[in-house]
Amino acid sequence: MQIRFSESLQRMRHPRYIASAAVAALAIALSLGLYAFRGVWWTRATEEAAPQASAETSGEFRHPLTGERIAEPVERPQVYGVMIDHSQDAWPQSGVEDAFLVIEAPVEAGIPRLLALFSSETTVDKIGPVRSARPYFLDWNNELDALHVHVGGSDEALQQISMDGTFDLNQFWNANVFWRSTDRFAPHNVYTSTALLASAVAKARAAAKAPFLVYGSWKFQDPPTLRPETGIGVMIDYFPTAYRATWKYQSTTNTYQRLQGGLPYAMQDGAVIEASNVAVMITKIEVVDQIGHRHIKTIGEGDAMIFRDGDLVEGKWKKPSQSERVRFYDKDNQEILWNSGQTWIEVVDSRDRVIQK
Numbered sequence: 023m024q025i026r027f028s029e030s031l032q033r034m035r036h037p038r039y040i041a042s043a044a045v046a047a048l049a050i051a052l053s054l055g056l057y058a059f060r061g062v063w064w065t066r067a068t069e070e071a072a073p074q075a076s077a078e079t080s081g082e083f084r085h086p087l088t089g090e091r092i093a094e095p096v097e098r099p100q101v102y103g104v105m106i107d108h109s110q111d112a113w114p115q116s117g118v119e120d121a122f123l124v125i126e127a128p129v130e131a132g133i134p135r136l137l138a139l140f141s142s143e144t145t146v147d148k149i150g151p152v153r154s155a156r157p158y159f160l161d162w163n164n165e166l167d168a169l170h171v172h173v174g175g176s177d178e179a180l181q182q183i184s185m186d187g188t189f190d191l192n193q194f195w196n197a198n199v200f201w202r203s204t205d206r207f208a209p210h211n212v213y214t215s216t217a218l219l220a221s222a223v224a225k226a227r228a229a230a231k232a233p234f235l236v237y238g239s240w241k242f243q244d245p246p247t248l249r250p251e252t253g254i255g256v257m258i259d260y261f262p263t264a265y266r267a268t269w270k271y272q273s274t275t276n277t278y279q280r281l282q283g284g285l286p287y288a289m290q291d292g293a294v295i296e297a298s299n300v301a302v303m304i305t306k307i308e309v310v311d312q313i314g315h316r317h318i319k320t321i322g323e324g325d326a327m328i329f330r331d332g333d334l335v336e337g338k339w340k341k342p343s344q345s346e347r348v349r350f351y352d353k354d355n356q357e358i359l360w361n362s363g364q365t366w367i368e369v370v371d372s373r374d375r376v377i378q379k
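Position one of the sequence shown corresponds to residue 23 (the working numbering), numbered consecutively onward.
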């Protein structure tokens with residue numbers, strides 16, 4: 023198996039690259055909050071370098087990815103960032119309901135694609151269809167030190183993967199970590215599983231080619247006891263119209279059920295999508311060539327709308343750098359506290375595409 027990284031990243035992590043005399047110096051550097059990743063030395067912001075969420079007053083801890091209450095603290099799990107085909111020919115998909123975070127953004131012709139992020143602690147037997155990489159998804163993938171799982175990619179995305187030292191798993195070079203289903207046609211028939219991805223990561227770690235896990239956590243809350251019977255939902259007006267996504271608030275579960283084309287958005291095994299939180303990220307999106315490739319602003323800040331607990335919170339999204347997590351804030355610049363469970367981020371270029379329901 024061949025898992026590709028930038029040459030500089032491989033040299034930086036290969037044991038032979040570090041002479042025994044430099045070990046002490048490396049330990050000092052690490053104690054100062056430095057880390058070697060993506061081919062260069064970075065200094066993590068304090069919130070990123072800090073351990074996972076601390077114990078709550080009840081004595082419990084929060085899972086660093088899902089926000090679920092846990093009895094004992096856990097190490098940061100490895101994250102798998104899988105590019106999921108969301109064209110109509112790929113429906114119904116598999117495994118998306120088990121991701122802790124899903125980011126939906128347009129690719130060519132405006133058709134949305136999904137970056138589904140899974141914790142290595144979660145067992146998912148079938149994930150896909152897996153599709154090709156795009157550069158803006160890499161910025162969201164890399165903030166979680168995630169293994170980026172894809173089938174090829176645009177020229178710009180593949181170049182960025184090499185330059186940034188992305189922890190990368192391309193089906194082109196690692197066919198044994200994927201399979202092709204016979205019940206649909208290519209390119210909408212490539213799948214993988216968490217077991218296969220775990221095996222790939224284990225081999226990378228054994229070869230000293232896997233990144234240190236230093237990603238930050240969001241902040242979480244316990245859901246309110248009182249909730250509205252009829253909460254605020256939202257429709258995301260993706261184009262073509264078949265891709266319009268509606269999130270309908272469910273008071274009994276305090277979640278948002280996703281509808282696609284007016285029907286429950288279901289996986290191949292019948293599982294439906296119900297998110298604990300839905301965030302809308304409004305940012306600059308531009309078409310940059312005749313093929314229809316997009317550039318999406320991922321670093322910086324912009325307007326945001328957060329749907330949680332049947333309510334709407336207006337605010338901002340902020341992502342200072344590629345290595346730091348995108349975070350959401352209310353109008354008072356207080357960081358959003360998320361409900362535990364699955365979160366979806368919908369990426370659009372205008373408020374006109376966001377319709378409250």
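One or more hints might be untrue.
[As the list claims (entries may be wrong)] The list that follows gives simulated cross-link-like pairs (lysine to aspartate or glutamate, EDC-like), each with its CA atoms no further than 16 Å apart:
no., residue 1, residue 2
1, Lys379, Asp259
2, Lys148, Asp161
3, Lys353, Asp371
4, Lys340, Glu178
5, Lys241, Asp374
6, Lys270, Asp259
7, Lys306, Asp333
8, Lys306, Asp352
9, Lys306, Asp291
10, Lys231, Asp259
11, Lys306, Asp161
12, Lys270, Asp333
13, Lys319, Glu90
14, Lys306, Glu296
15, Lys353, Glu336
Just so you know, the hints here were simulated from the structure itself, not pulled from any lab data.
On a predicted model such as this, the values are computed, not experimentally measured, just so you know.
Discussion item. Hinted pair, alpha-carbon criterion (16 Å max): Lys306, Asp161. Please report holds or violated.
Written reply: The hint holds at about 15 Å.
Worksheet item: Within a Cα-Cα threshold of 16 Å, do Lys306 and Asp352 meet the stated pairing?
Response: Violated. Lys306 to Asp352 sits at ~20 Å, over the 16 Å cutoff.
Worksheet item: Between Lys148 and Asp161, does the CA-CA distance stay at or below 16 Å?
Response: violated (25 Å)
Discussion item. For a C-alpha distance cap of 16 Å, please report whether Lys270 and Asp333 respect it.
Written reply: holds (12 Å)
Discussion item. Checking one constraint from the list: CA of Lys306 to CA of Asp333, max 16 Å. Satisfied?
Written reply: Status violated; Cα separation ~25 Å.
Worksheet entry | Pair hint Lys340 and Glu178, alpha-carbon separation not exceeding 16 Å | Not satisfied, since the Cα-Cα distance of roughly 24 Å exceeds 16 Å.
Fill in: Lys379 paired with Asp259 [C-alpha distance capped at 16 Å]
Between Lys379 and Asp259 the Cα gap is close to 12 Å, so the pair holds against 16 Å.
Discussion item. Given the hinted pair Lys306 and Glu296, is their Cα-Cα distance within 16 Å?
Written reply: violated (28 Å)
Discussion item. Check the hint pairing Lys319 with Glu90 against an upper bound of 16 Å on the C-alpha distance.
Written reply: violated (30 Å)
Worksheet item: Regarding the pair Lys241 and Asp374, is the alpha-carbon distance no greater than 16 Å?
Response: violated (29 Å)
Worksheet item: Given the hint that Lys306 pairs with Asp291, does the C-alpha gap stay at or below 16 Å?
Response: violated (36 Å)
Worksheet item: Given the hint that Lys270 pairs with Asp259, does the C-alpha gap stay at or below 16 Å?
Response: Measuring from Cα to Cα gives roughly 14 Å; hence the hint holds.
In summary, the numbered hints that this structure violates are 2, 3, 4, 5, 7, 8, 9, 10, 13, 14.
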